[in-house]
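J.: At position 44 of the sequence shown (counting the first as 1) the number is 44 in our numbering, and the numbers step up by one without a gap.
I should point out that these hints are in silico values taken from the structure, not numbers from a laboratory. Some hints here could point you the wrong way.
With a straight-line Cα cutoff of 20 Å, these simulated EDC-like cross-link-like pairs (lysine to aspartate or glutamate) come out [said to hold, decoys possible]:
| id | residue 1 | residue 2 |
| --- | --- | --- |
| 1 | K244 | E290 |
| 2 | K239 | D254 |
| 3 | K168 | E218 |
| 4 | K210 | D254 |
| 5 | K273 | E290 |
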Amino acid sequence: GFGSKYDVLEKFAEALRERLDPTADVAVVDGHSEELTIGRLLEQMAGAVLSEEEAARLRTSGTSSSVTDISVRLGKAIFSARSGDGRLSSNNSTRPIYLLVHNIDGWGFRNTLAQSALSSLVAHSSGVIRLVGSVDHVNSVSLLWDLETKAKFDWIYVEVNSYQRYLKEVQKCSSHYDHKSKKFVATHAEKNSVKNVLSSLAPRHMRVMKEAVTAIREIKIAKATQPNDNIGSLDLSYKVLFEKCRAKCIIRQDIDMKKLLVELTDHGLILKKISGKTKEKLLSINLSPEDIQHILSSK
């Protein structure tokens, strides 16, 4: 709907605490914050709801898993913890957790990985975590949520026309405004978003990224150019990457490679295209030198 929803969500949180469901826990999250990542949110929820032992066990078991896998286990653990604590809500059901997110399409969650993890957390909590979020970008639904993610969220859509000014949201964005050029500068947030995705990748995905970066750097060296330059101007053959990954036992079959590439392209880490002359499948990477070094230094 038209207008800021910030005050609407804040008043709803207050109503939950005071009269609607006073036995429940209410957490309010600011999606505008660049400091917020899906990994940090999961960590904070684990620390707040689970015992120290359970939270430590969750972190240990998740060392070789993606952030989505961790969110699935966390959702199940939260349901188990709430079901066994013996404390019920006012209607004698398991005591819920209301998670209110200002701008669920904000800086920290503006990628498909974060949305998939958040939807998995909600779905696997079996109704314990009740998510309420505001959306202000008109294309967020089509850009961030595929059919599976929307099904796991299981939204009830409510149109809220507050007609209020976006004062608090603009204050959050003030650091991105260049008064000389009169433009919003989103490069810092975009870099943070890429870093968030890279830090959340499963080990096998990161190994594929490392092989791709290494192969492109080898191409640049062969062409007598600097390997640390922006590598986005060069293309890598899909066949070359497939053979390199298979040789190092990262994947076994072509279908495995294609599944991994679907996720990496969805996150914007790898770009795919078809050669106009040979019709060969080509891949490219358009990341900053800092992100390239992060990939190369990964184990």
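J.: Taking the hints in turn, state whether each one holds.
T.: We went through each hint and held it up to the structure:
| no. | hint | result |
| --- | --- | --- |
| 1 | K244 to E290 | violated, 24 Å |
| 2 | K239 to D254 | holds, 10 Å |
| 3 | K168 to E218 | violated, 48 Å |
| 4 | K210 to D254 | holds, 18 Å |
| 5 | K273 to E290 | violated, 25 Å |
Hints 1, 3, 5 from the earlier list are contradicted by this structure; the remaining hints agree with it.
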